Amino acid sequence: MLEKALQGNKAYWGWIASLLVVIGIGFGFYVYQLQQGLGITGMNRDVSWGLYIGQLTYMVGIAASAVMLVLPYYLHNHKAFGKLVIFGEFLAVSAVVVCLLFVVVDLGQPQRLMNVVLHPTPNSVLFWDMVVLNGYLFLNIIIGWAVLHAVKKGVRPASWLKILIYVSIPWAVSIHTVTAFLYAGLPGRYFWHDSLLAASFLSGAFAAGPALLLLILMIVQKVSDLKIPKEAIQTMTKIITYAWAINLFMLLLKIFSAYYSQYPAKMATFDYLFGGVGGEQMMPWMWNFVFLSVVSLVLLVIPSTRNNPITMTIALVMVVFAGWIDKGLSMVIGGFIPNPFKVHTEYWPTIPEFFITVGVYAVGLLILTVLYKVALAVQRESAS
Amino acid sequence: MAINRRTFLKAAGLTTLAGVAGHAAMELLAPGALEASGAPKVGEYPEALTAKRWAMLIDTEKFTTAQVYQKCIDACHILHNVPHIPGDQEIKWLWTDSFKHVFPDQQHALVPDRIKNQPFLVLCNHCDNPPCVRVCPTKATFKRDDGIVMMDMHRCIGCRYCMAGCPYGARSFNFWDPRPFIENIDPYYPTRMKGVVEKCTFCEDRLAKGQLPACVEASEGALIFGDLANEDSEVRRVLRERYSLRRKPSLGTTPHVFYLI
Chain A
76 MLEKALQGNK AYWGWIASLL VVIGIGFGFY VYQLQQGLGI TGMNRDVSWG
126 LYIGQLTYMV GIAASAVMLV LPYYLHNHKA FGKLVIFGEF LAVSAVVVCL
176 LFVVVDLGQP QRLMNVVLHP TPNSVLFWDM VVLNGYLFLN IIIGWAVLHA
226 VKKGVRPASW LKILIYVSIP WAVSIHTVTA FLYAGLPGRY FWHDSLLAAS
276 FLSGAFAAGP ALLLLILMIV QKVSDLKIPK EAIQTMTKII TYAWAINLFM
326 LLLKIFSAYY SQYPAKMATF DYLFGGVGGE QMMPWMWNFV FLSVVSLVLL
376 VIPSTRNNPI TMTIALVMVV FAGWIDKGLS MVIGGFIPNP FKVHTEYWPT
426 IPEFFITVGV YAVGLLILTV LYKVALAVQR ESAS
Chain B
1397 MAINRRTFLK AAGLTTLAGV AGHAAMELLA PGALEASGAP KVGEYPEALT
1447 AKRWAMLIDT EKFTTAQVYQ KCIDACHILH NVPHIPGDQE IKWLWTDSFK
1497 HVFPDQQHAL VPDRIKNQPF LVLCNHCDNP PCVRVCPTKA TFKRDDGIVM
1547 MDMHRCIGCR YCMAGCPYGA RSFNFWDPRP FIENIDPYYP TRMKGVVEKC
1597 TFCEDRLAKG QLPACVEASE GALIFGDLAN EDSEVRRVLR ERYSLRRKPS
1647 LGTTPHVFYL I
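These protein sequence lines are chains A and B, in that order.
Start counting the first sequence at 76; every next residue gets the next number (the working numbering).
Start counting the second sequence at 1397; every next residue gets the next number (the working numbering).
So here's chain B without its partners, still in its complex pose:
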């Protein structure tokens, strides 16, 4: 069918009119319905946990058995679909290592036996001045106002500059497609694809729903999580009373994971 200029203009005019009038009619008859059918709007759950500055305390005195550590790690890795890949191309968000590896500058021959033999939990430190965020060329990793250092796995190009930048070894790269390495995929948390970097997110998805991080919940009180900016919070109260260490404070990153000794 041939369309001449006249028919085209008529059709175009009518379509425009229908578009404008249609939109106005919808707004009048069902306010907000058009927007609702478009892109979802992000709103906060009223029960969401919020803070000015999230921080975590690890009470090393309460971690008496290996099972408690394992419960925390399992809670985290199962919930976030963290694959179990054997070898040196592994993925880990939360794991343990010895005192001399976690605090290489504090290590000496006469460290008490409890400290020397005890595993220490390791995770992303959610630094105030995170080098990973500074070096990322796409803002795929960024710091939120509440201090959580986040990853956008859909934007990450997999250059691994953040892994070179992190002085805590907290980041893992998906060298392989992770899905075959996940025992039971939890449909409520997205799995990742090969070629992107990932790490602990302080369970920002759970905080948004009003829940504490999975490891904190599983820790039987050995992990304390709260708002460091709030003077009345539990984290502030405990830090006032107990001596704590942070990893590599001399690097100026200001980590927000504290180890109670």
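If we strip away everything but chain A, and leave its shape as in the complex, we get:
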């Protein structure tokens, strides 16, 4: 089936070529990082994780959100999602690959990566993160590919596939839960030390993920013969609305418990992020986050703006971007500021770090493009 990705028009090949150029630039900077060390990034002794691990966290959420299509379709027989489920699963595949690549580019000694497998350490959450991410990757590749194969042959998917699909539903929840446990289980990091961090991660992911998927599908609809059923859009935007509302609600809960109790260590990161205490690097981003979150929520809650294609698209873009500021940027950085000595050391990514990040995303987009191309070709052939 993969050969179908080799047939495309000029625009298709132009898109592939530009992705390859971006990947090439990112790879060039990565070679530079390999030679020099992670000193070329903006990370430091106090903020020892930065943009890379932030992207890992955000993209795990995007990957997990495929379940918002899989679950209604397979458990509730929501027919409108029928043709779209495969695109959710393939988005999950490329998102997980992006996650794994962000782990690799963040390592100081990437050639020792296999030590995680050679010396398995069940007490480390990172070990489990590796297990669930790889498991989720294979689940989605196998499910997506097998379903597509059945469509191509014009037969019903094999019955064993059903088991994998049912397994993939809690598995999707597990990847973001374990990723939240990376942070939530650390003593003395008060911004992260939140028993409901996984739940708030999932709510944010189930908003930003389907929003991103819907935006991508709208682009795909423009450049191919895919038709997104109206009912599917309505269901997805409703899911996004509820998830987004829950996500913002959970943020407010955290702010309440920090400020009403006047617990200094719990207030410290919020003071830094939103109040600019100890450095103003993040403050403009955070107030943009507030603006985007509130406006998008209003646009999504009101039925007329939720169903209007233009205001809906604006709201989706806002959700994706606000979700990124929240999880891709402030969540990881904020946890390190102030440091254990109550000193504020700031962090901002460098140019090489930025291009490596963009390069990794381009790898994800390339995989996504190829998988979507195959899926579209198979669906078109089976329809004719």
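Note that these hints are calculated values from the structure, not bench results.
On a predicted model such as this, the values are computed, not experimentally measured, just so you know.
Do not rely on the hints blindly, as some may be mistaken.
Per label pair, the in silico range of CB-to-CB distance [to be verified]: (1) N198(A) <-> R1642(B): 39 to 49 Å; (2) P378(A) <-> D1493(B): 54 to 64 Å; (3) Q356(A) <-> D1541(B): 42 to 52 Å.
Using 25 Å as the maximum straight-line C-alpha spacing, the simulated PhoX-like pairs for lysine-lysine come out as follows [said to hold, decoys possible]: (4) K1512(B) <-> K417(A); (5) K302(A) <-> K448(A); (6) K85(A) <-> K302(A); (7) K1644(B) <-> K329(A); (8) K313(A) <-> K158(A); (9) K313(A) <-> K297(A); (10) K341(A) <-> K1644(B); (11) K1590(B) <-> K1535(B); (12) K158(A) <-> K305(A); (13) K1512(B) <-> K1467(B); (14) K417(A) <-> K1644(B); (15) K417(A) <-> K1535(B); (16) K227(A) <-> K297(A); (17) K1535(B) <-> K341(A); (18) K417(A) <-> K341(A); (19) K237(A) <-> K158(A); (20) K154(A) <-> K448(A); (21) K297(A) <-> K158(A).
Each residue gets a CB set at the ideal place from its N, CA and C atoms; glycine is no exception.
Given chain A's structure and the hints, the job is docking chain B onto it.
Just chain B now, kept in the frame of chain A:
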């Protein structure tokens, strides 16, 4: 040259015989010599210092001048080839900070001047319940039976999870190749490579040779080091007599560096 099945079997048989017989002959003629020529066996120096639970006391009353602190830090950093990297990507095993930074929960406006103005030595706390060991995905950082939290720099993959896990900021990452930043490399202690995490090891290499940690030796009695499990040890005697603080005891890590106030 072509090898047929017959020649191959003959050669293989002879080689096996030579191997088995050779080993037996060596064992008979020179017992232990074969093992000696293989991987080195780890044995303990008879003069090694051992303990059930190592701990360190920092007598803040005896640290009267900045020079004493500096002597301890220099002794540590020179001995362990700790690079001097300027900026926020620095490496440090032993350093000083103010009372309000080291004990943020104890800080208040009316702390005595001596405490307020005095630098406090900071290092790895060699916790009983170390979060860094719990989170490490490769067991590159581990706790020994005598309480020392150790690093295997050859296994560390540089994920820096331990740095996020340590609530004391005790760990440093080699953002760069450290060697150009070391003034005089001491050939008796290995230098590190870029991309691994490092920290204080309570000088386990010196303990194995029967020597006290370098900072303790340089401290002119301001640092006391010993076995906390031994009731007759000096650390136990001093802790019975003097009031001490530990950093962030509420986190449940049980640090084993005590500050005598």
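Do the hints match the structure? See the list:
As the Cβ distance of N198(A) to R1642(B) is approximately 24 Å, the hint placing it in 39 to 49 Å is violated. Here the CB-CB span from P378(A) to D1493(B) is close to 57 Å, well matched to the stated 54 to 64 Å. Between Q356(A) and D1541(B) the CB atoms are about 45 Å apart, so this pair conforms to the stated range of 42 to 52 Å. Simply put, K1512(B) and K417(A) have alpha-carbon atoms about 16 Å apart, close enough for the 25 Å limit, and the pair holds.
For the given pair, K302(A) sits about 15 Å from K448(A) by alpha-carbon distance, which is consistent with the 25 Å threshold. At most 25 Å may separate the alpha-carbon atoms for a hinted pair to count; K85(A) and K302(A) meet this at roughly 22 Å. Between K1644(B) and K329(A) the alpha-carbon distance is near 23 Å, which keeps this suggested pair within the 25 Å criterion. Proposed proximity of K313(A) and K158(A) is supported: the alpha carbons are some 19 Å apart, at most 25 Å.
A distance of roughly 23 Å separates the Cα atoms of K313(A) and K297(A); the hinted pair therefore holds under the 25 Å criterion. Our distance criterion of 25 Å between C-alpha atoms is met by K341(A) and K1644(B), whose separation comes to about 15 Å. Distance check on the hinted pair: K1590(B) and K1535(B) sit about 19 Å apart at the alpha-carbon level, within 25 Å; holds. As the CA atoms of K158(A) and K305(A) are separated by approximately 13 Å, the hinted pair is consistent with the 25 Å bound.
The suggested pairing of K1512(B) with K1467(B) holds, with an alpha-carbon distance near 22 Å, which does not exceed 25 Å. Note on K417(A) and K1644(B): the hinted pairing holds, with a Cα-Cα distance of about 13 Å set against a maximum of 25 Å. With a CA separation close to 29 Å, the supplied pair K417(A) and K1535(B) exceeds the 25 Å bound. Among the hinted pairs, K227(A) with K297(A) is consistent with the structure: their alpha-carbon atoms are about 23 Å apart, no more than 25 Å.
The suggested pairing of K1535(B) with K341(A) is violated, with an alpha-carbon distance near 31 Å, which exceeds 25 Å. For the suggested pair K417(A) and K341(A), the alpha carbons sit about 12 Å apart, so the restraint of at most 25 Å is met. Straight-line distance between C-alpha atoms of K237(A) and K158(A) comes to about 17 Å, which keeps the hinted pair within the 25 Å bound. Pair hint K154(A) plus K448(A) holds up; C-alpha atoms about 23 Å apart against a cutoff of 25 Å.
Of the supplied pair hints, the one linking K297(A) and K158(A) holds, its CA atoms being roughly 16 Å apart against a limit of 25 Å.
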